[in-house]
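There are 2 protein chains.
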Amino acid sequence: MTITIIGIGLIGGSLAITLKENGFAKKIIGVDINPENIDKAYRRRLIDEDMKMEDAIPASDLIILSTPVDVMIKLLPQILDQVTDQVVMDVGSTKMNLLAKIKDHRNRKNYVATHPMAGTEYSGPEAAVPNLFDHNCTVICNPEESSSAALEKVKALYASIPMSILNLDAKSHDVHTAYVSHISHISSFALALTVLAKEKDENRIFELASGGFSSTVRLAKSSPEMWVPIFKQNRDNVLDVLDEHINQLARFRSILIKKDYQKFHELIQESNEIKRIIK
Amino acid sequence: MTITIIGIGLIGGSLAITLKENGFAKKIIGVDINPENIDKAYRRRLIDEDMKMEDAIPASDLIILSTPVDVMIKLLPQILDQVTDQVVMDVGSTKMNLLAKIKDHRNRKNYVATHPMAGTEYSGPEAAVPNLFDHNCTVICNPEESSSAALEKVKALYASIPMSILNLDAKSHDVHTAYVSHISHISSFALALTVLAKEKDENRIFELASGGFSSTVRLAKSSPEMWVPIFKQNRDNVLDVLDEHINQLARFRSILIKKDYQKFHELIQESNEIKRIIK
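Read top to bottom, the protein sequences are chains A and B. Just so it is clear: in the first sequence, position 153 is 1520 by our numbering, and no numbers are missing. Just so it is clear: in the second sequence, position 215 is 1582 by our numbering, and no numbers are missing.
One or more of the hints may lead you astray.
Which copy? The list can't say, so a pair holds if one copy fits it or any two copies do.
To be verified - No more than 25 angstroms apart at the CA atoms, straight line, and that leaves these computed lysine-lysine pairs for BS3-like:
| id | residue 1 | residue 2 |
| --- | --- | --- |
| 1 | K1599 | K1588 |
| 2 | K1538 | K1387 |
| 3 | K1538 | K1476 |
| 4 | K1393 | K1419 |
| 5 | K1567 | K1646 |
| 6 | K1625 | K1522 |
| 7 | K1588 | K1646 |
| 8 | K1419 | K1394 |
| 9 | K1630 | K1567 |
| 10 | K1468 | K1626 |
Bear in mind the hints are in silico, worked out from the structure with no lab data behind them. Given the structure is predicted, the values throughout are model-derived calculations rather than measurements.
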């Protein structure tokens, strides 16, 4: 089938590679307001053709919306205005506001809300990689609001990668992603700023930083263009988890001030429970 | 040469593999108060022989102290009491208190304070891996307090791996490691506790957690037996960096409360500077 990808960055570009490689897509049309991204997408051979959005929609069987989430909220109603029998899916990190926006659209059933749980700290077409999504989980939100034909097409796409599918309502999705994704990014941004603020001697960071440090700050390389809109859309959930995170750090602070090393030991043991959950 | 390793865990065991593999050590003697560790060390073929510490010291050319840092502070004076021409080195993560403890020991010059900047979140002999240290940096603290013969032997050991060497005074070492290692661990412990506290549905964490989350919480698997003594030894520096980290998180919180997304964008851009430093 012919697939249009609107927003050829890390996620859109990686899907382009995967879906072309496994034969799910016969042709990939790229849409991007940034001509430089289109140029890079051709050079990386991510797309077969580029078009303006209004020309790409009628030429496609499936449209994948993979822009930053604030742009999705603007584009999705316009895309749905134009579709006839095309299926539309997004791959965004927040869902409540997006789904509220098109809840009563006459073509709502042509659209499936999805979130493949994968990514890296890099962005743009040059960051696209094969196998980014393999064997990870994708969320489908509010599937009852989509037609079964649209759902089947989108499920077949994810099965072709392959990814497993988890159904969640939009509200639960936004709460869970605040926990397992969004707070990690704020933690990394803050850690990078902490070290950059305290450690004036950058050569020392470079020489001394081992795998542990790199691992906890790598998300601090993430793009503000992608992440600020996510925090804006999911502000209340993120604030809730951020408050809890600051409280947890304050517990460690208070324990250090009181030199209560027995309690410190207990807290580390408690946090070790994450072993059961994360491989 | 014959090398005694006191404390056969992740670091001691990994050194045992490397130094035997590259021929720097002809024989490795293992010392560990935990008989289970000795048993595991034999099964993993990390050691050629095990002895009590007082028998191992005279039988060795070089003694590597790789216990948790609180145990080092107890053992190092005892080891130095007993050495004749043996060289002693430690591989601990904190240095100020340890070096103060043996500053005036009559055999101080036989000892070299080192800290190879490498590790994983796992511990014990079963966590020992080949190539853990390759091409990383090792710190040598206060080299002027060691004899040149002892220094040469220890430098030859690290060159054999190979690791590069950075000389720092003990105080600077403890300040820098608080920035580039210790705070990352507290951040991970707190993040794990945050998610465990807020996310009651563990299956959801398991299904949804992608690489980003795993990367920021992996250090939360680290052992309290190793880490509490480090935080105890380096308490003042860690508190200082932890305060700064909480302040940075509070900035993100305040920005979210005020919905100042322009400022959020600027902070992320600022934190992106870490790209220049971390590969």
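Hint by hint, here is what the structure shows:
1. In this homomeric assembly, K1599 and K1588 come within 25 angstroms of each other (Cα to Cα) only inside a single copy, at 19 angstroms, whereas the closest approach across copies is 31 angstroms.
2. Taking identical chains as interchangeable, the C-alpha atoms of K1538 and K1387 are never at most 25 angstroms apart, the minima being 33 angstroms within one chain and 56 angstroms between chains.
3. When the C-alpha separation of K1538 and K1476 is checked against a cutoff of 25 angstroms, the pair qualifies only within one copy, where the shortest distance is 19 angstroms, while the shortest distance between copies is 65 angstroms.
4. Proximity of K1393 and K1419 under a CA criterion of 25 angstroms is satisfied intra-copy only: 19 angstroms inside one chain copy versus 70 angstroms between copies.
5. For a Cα distance limit of 25 angstroms, the shortest separation of K1567 from K1646 across copies, 18 angstroms, qualifies, whereas the shortest one inside one copy, 35 angstroms, does not.
6. In this homomeric assembly, K1625 and K1522 never come within 25 angstroms of each other (Cα to Cα): the closest approach is 54 angstroms inside a single copy and 40 angstroms across copies.
7. For a Cα distance limit of 25 angstroms, the shortest separation of K1588 from K1646 qualifies both inside one copy, at 23 angstroms, and across copies, at 10 angstroms.
8. When the C-alpha separation of K1419 and K1394 is checked against a cutoff of 25 angstroms, the pair qualifies only within one copy, where the shortest distance is 16 angstroms, while the shortest distance between copies is 70 angstroms.
9. For the homomeric pair K1630 and K1567, the shortest alpha-carbon distance between copies (23 angstroms) is at most 25 angstroms, but the shortest distance inside one copy (33 angstroms) is not.
10. Proximity of K1468 and K1626 under a CA criterion of 25 angstroms is satisfied inter-copy only: 20 angstroms between copies versus 52 angstroms inside one chain copy.
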